[in-house]
Each structure stands twice: as C-alpha cells, then as structure tokens.
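All chains, please: the whole structure from these sequences, using the hints.
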Amino acid sequence: MKIAVCVKYVPDATGDRHFEDDKTVDRVGVDGLLSELDEYAVEQALQIKEKAESADDVEVTAICVGPEAAVDAVRKALQMGADQGVHVVDDAIAGSDAIATSLVLAKVIEKDAYDLVMCGMASTDGSMSVVPAMLAERLSLPQLTLASKVETQGDQVRIQRDGDVATEVVGGTMPLVISVTDQSGEARYPSFKGIMAAKKKPLETLSLSDLGVDAGDVGLSVAWTEVEETTARPPREAGEIVKDEEGSGAKALADFLAAKKFI
Amino acid sequence: MSQILVVVDHAEGAVKKPTYEMLTLAARVGEPSAVFIGPKDKGSEVAEAVKKYGAGTVYVVDDAELKGYLVAPKAEALQQIIEQVSPGAVLIASSAEGKEIAGRLAIKTGSGLITDAVDLEADGDTPVTTQSVFAGSYTVKAKVTRGTPIITVKPNSATPQEAEGAGTVEEVSVTVSDAAKGAQIVASQPRKATGRPELTEAAIVVSGGRGTGGKFEPVEDLADALGAAVGASRAAVDSGWKPHSYQIGQTGKTVSPQLYIAAGISGAIQHRAGMQTSKTIVAVNKDEEAPIFELVDFGVVGDLHTVLPAVTEEVKQRKG
Ligand SMILES: Cc1cc2nc3c(=O)[nH]c(=O)nc-3n(C[C@H](O)[C@H](O)[C@H](O)COP(=O)(O)OP(=O)(O)OC[C@H]3O[C@@H](n4cnc5c(N)ncnc54)[C@H](O)[C@@H]3O)c2cc1C
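Chains A and B, in that order, give the protein sequences.
Those letters in the first sequence? Residues 803 to 1065, per this note's numbering, in order.
Those letters in the second sequence? Residues 86 to 405, per this note's numbering, in order.
No lab work stands behind these hints: they were computed from the structure.
Some hints here could point you the wrong way.
Within a straight-line C-alpha distance of at most 35 Å, the following computed DSBU-like cross-link-like pairs (lysine-lysine) qualify [said to hold, decoys possible]:
#1 LYS951/A - LYS401/B
#2 LYS1063/A - LYS277/B
#3 LYS913/A - LYS853/A
#4 LYS951/A - LYS277/B
Since we're looking at a predicted model, the values are computed, not measured.
Structural data, given as structure tokens:
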C-alpha cells in the first residue's frame, strides 16, 4: 500500500505573522515549521503502516509544496517515520492559493498510484480547510474528511466524522482522500533514532517542469482571487480589570453587562 | 442584475439563521435566490421562510439520492444549477461541510473561492468580501477574479433584513455520478439538542476552560441566565468535560457573538483564533497575568466558582 501525506510549511503561529507588500503571507521572514495539524495526518499514516502485517508493505511518502525552507516540513515527517519525501519547490509557486496548491499536489500524487492521500484538517495559517476536498475533486477520488478516527481493513476505510450536526461513520474503498482532525490522536515526537534515520531517507526535489505544470497556472499573478487590501486590526483598547474582593467582582461585572444592555 | 445563489443552511428543512444573513448580503450585490437541497416535501415551507428575506427564486433539489454520501453529490448538484442559472456568485454557510462543498465546486467550475467571509459589499456587480485572518489580527478585503465567485460566509456576518421576495419554487432535477458516491455515510448519530442557542449563531457565548476543574455548572447556569450558548477550550474538551462540538478555537468553532465570556481560560493563541472577533469580551480568571486579559473589555480577577454564581444571581435579579 502506498500512502501520500500532504504536509505544509507554515509560519510559526506563536511568532509575529504578517503580510508582505504584495499582500501575500510572509513565509520567509518568520520561522516556519511543519503545520501541527499535518502532524496528525503523518501520525495516522504511520499507525496504518505499523498495523500492517509487514510494515514494509506500506510506504509513506510526505509531500510538500513550498519554498526552500519548507523542506524542513518534509524532514520532520521523515523523522517521525515517513519512508520518503517529495518537495516541490519553484519560484513560480510563490503566492499560490489553495486552487494552485491543490493542482501541484495532485500532479505529484498522479505520478504514483497511491491508495491513500492523507491531509491535516486545515493549515495553521491559511486555515481554509479546502485543500483535501479540492484534491479529491482533482483526483476524482472520494473524500473521507475530518476524521477523528480512521480504520482500514484491506482496501476498505471507515472514519468517524464529527460533523456539524451529527457524528457520522463514513466508509469508502481505496483509493481515496482522508483528512484527520486533532482529535485523531496525539502525534509522536521524532525519536533520536528517527532523526538519525531520516538523514538517509530518499528526499526528492521537483520543479514545476518536472511535473508538467505550466508556471502560468500557479503563483500569485494567476490566483483566482485577488486581495484588495489588508489591514492590521487596531489593538483592542485596554479594558477595565477589577479584582474580586468578597463579591465586588460579580457586582462590577453585572453593572458592566447592564451598562452594555446585555441584561 | 444577476442572481446570487444562497445555499440554504437548514436541518431537515428547518431554515437556520445564517441563511437569512446570507440573503441579506446577497441583496447588496444582486438578486438573491435560494437553493434548497433537502427533502422535496419541505420545499414550499422553506420557500415561505426565505421569501421573507428577499429570495426571488427558490431552487429545490430533492436530496433523496444525495444525502447518503459525503459532500461530492451536493457539489455536483450545485454545479448543474450554476450551469443553468449563471449566477453572479454563490454563497454557502462556512460550516465544515459548506467549505468542502465550496472547494469541490470551485475546481469543478474553474472558479475562485473565498472562505470565511465576515462581510460582503458590492463593487459594481462584483462581491468584495471581508475576512478576518491570523487569529483576528488582520482584516483582508478580496474578490474573486475568475469564474463564478464562490464564497463561504461565517454566521453572524450580517443582521438579517426582511425584504419581500417572490419565493417562486423551481424544482431542479440533478444527476449524481457514481464517482460522487464513493464516500458513503454508514451511520449517523445526530447531536443531542442542548436547548441552548447554536454556538456559532448565539448572540452571547459563555465558555469554560481548564480552570473550571470539570465543574461546568457555574458556566452553564450563567449561560442559561443570559440565554447564551456554552463553549469550551480545548483543554476542557481534551479532559472529556465537554464534547468536541463545544470547542472554540482554531480546531474547533469560530464564534463572533455580541458578548463572549471566558471563564478559567488562559487565552492561548489557538483559542483566540476562535473568539477574537467577538464584539465585547469578558474574562474571569484567577491569574491576573493570564493573556486573555489583553483582549478583554472587562475582566474580573477572581475564582470563577464564586464569581460566576454571584453574577448569575445578579443577572437573574436584574432581569426580574
Ligand atoms: C494545533 C493546535 C490547535 C489548538 N486548537 C485549540 C482550539 O481550537 N481551542 C482551544 O481552546 N485551544 C486549542 N489549542 C490549545 C491551546 O494551545 C491551549 O492549550 C488551550 O486553549 C488551553 O485551554 P485553557 O485556557 O482552558 O487551559 P489553561 O491554559 O490551562 O488555562 C486555564 C486558566 O484557568 C485559570 N484558572 C484556574 N482555576 C481557576 C479558577 N478557579 N477560577 C478562575 N480561573 C481559574 C488559570 O489561571 C488559567 O489561566 C490548540 C493547540 C494546538 C497546538
């Protein structure tokens, strides 16, 4: 079985994230890392591998589209236990939106016959949560998305999906696209052994021309949406903070709520 | 003016508030029409409801053949309606499923997609959206430059405005490919009704975190006194005190109520991502250094187990 895990390199959420002059997210000037939400996808892929009769029967490939530094995201996945990595890097990709990113990912995935394509539930930066659905559409595959549990048996997959109004069990036959939530189980930390082993794992670097993607189909200038302006939200005005002393806090809060006409 | 399609957000034919908000936004850019994908026999009931908010045509797609599968059949149905109607834009509620439908639809129709819009205005006949990004620290205005703008809209993005529409029902039959039936819903357990307002739609939300120590009554009692929804931090969800459907934040729900009260929540960036755009923010936390206090309009440094019950009493008394 072949599993592709799509991993994204994102600016560190605890850092100072901002926009550049061309209104794209600054992905170079701030420290980046493997999107934490994609670690859950790597974890689930590794668990499928470990549950297989022979781990050698399952091959996990981490795929990342992003700038030079994004190779760190692939490396992290390799350290966790993925077998090999693919990093698509090309100047033309800068500023690509989900539509273009899903195109490039689909081209990588089409090169090989993957049984499962696994993604995180969203990126920790763009947070559109649409790439898995777009990938499924581009690859003409069913999607078992937002899984809090994943079970496979032969070529059958069942997931639990905590949907908007119901908890559902959704089933399908491979090949298909899965996305997993942060409820699916803690992602492992790379072990020292994993970190050493990762250095010897194959890591392929591809350009758009290697994939037969026209540079004119990706990047900021051809994005299907256009950002008109970005404005930093003015910092909230400092509020009033009171210390509760023998019931004074509750009274002050009730006064505040009444003044604001909530009661 | 072209039609702006609003995909009706509903539960078994009961129309939800975001639908009216989207119709109100749609009227700013074109002629609002509704698309109802659901049980056919509810079509006229839905039409009655949405015409009060300006829906001209109500396209009714019977979901008998669609509802057993995840996402893909609905995207196919919408694609077929887009081909027939050539709308100026399509608005879909920003739920998890709504966004996935929108993602597939964008690829199918070669259209640009904007997710999580919190406002919409017209630039001529082009919708310009406002989004709130990076945990609410930036506002972005954008528009779609290719195909049919597909826009997912967050709840509470507009105040629904009544407007008389024709509400003409038009039944649409769609064909669903076998490929779209690959993800089959095998079992479905509807979430238990709480009797409280829906989290994402509520005007007031009261949330509890690790600081509750698992004792949520003070949070729930205050919520009930205020007619509010109850939320939770991930720490409270991970501890098993509340189901994941209560979680507010990056990997839970995003809320934007008039009033958000955080009790025993420290205010981690991932939590902020889900509540920072609330109009008024209040926190009760015993640690005066807690980062949540950076956000608040009003904060009480104190023990939630004594402060909240006392506030609840005050609220009850003042409400009479
Ligand atoms: C990828 C990722 C995604 C995440 N997604 C989310 C998300 O969607 N939502 C989310 O909430 N978190 C999310 N988190 C977790 C987040 O980082 C925090 O760990 C979490 O929000 C902390 O929850 P808390 O504030 O309840 O707990 P804590 O940070 O432990 O804070 C508890 C607070 O309660 C106060 N307190 C204790 N006792 C009392 C008392 N008796 N009275 C009053 N105050 C008291 C303490 O002073 C403290 O400030 C995510 C993390 C990651 C890495």
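Consistency of the hints with the structure:
no.	hint	result
1	LYS951/A - LYS401/B	43 Å, violated
2	LYS1063/A - LYS277/B	31 Å, holds
3	LYS913/A - LYS853/A	26 Å, holds
4	LYS951/A - LYS277/B	20 Å, holds
Violated hint for the displayed structure: number 1, the only one.
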